[in-house]
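Trainee: Sequence:
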Amino acid sequence: MTVTLRLPTTEQGREQLSRKIAELRAANVAKIIRNLACTDEEKDQLFAKVIELAENSMK
1 MTVTLRLPTT
11 EQGREQLSRK
21 IAELRAANVA
31 KIIRNLACTD
41 EEKDQLFAKV
51 IELAENSMK
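Residues 1 to 59 (my numbering) make up the sequence shown, in order.
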């Protein structure tokens, strides 16, 4: 099987790809947290911590 990957060549295209990857990662993290066997309160705390870490990493 051959896989051909075409990456964006423009800055706008790279930004769109980066945004889409970030959205997919965020959705995956949210799904993992929602499926954890813990209380809703603990899940809320995890979501808050993930958001805090993400915001701090962008500074």
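Worth flagging that the hints you see were computed from the coordinates, not collected in a lab.
Accuracy of the hints is not assured; some may be wrong.
What the hints assert, rightly or not - In silico PhoX-like cross-links for lysine-lysine, where the CA-CA straight-line distance does not exceed 20 Å:
1. Lys31 - Lys49
2. Lys20 - Lys31
3. Lys59 - Lys43
4. Lys59 - Lys49
Trainee: Does each hint hold? Answer for all of them.
Mentor: Checked hints:
1. Lys31 - Lys49: holds (15 Å)
2. Lys20 - Lys31: Holds - the C-alpha atoms of Lys31 and Lys20 are around 16 Å apart, at most 20 Å.
3. Lys59 - Lys43: Outside the cut-off at roughly 25 Å; violated.
4. Lys59 - Lys49: holds (16 Å)
The structure fails to meet hint 3 from the earlier list, while all remaining hints are met.
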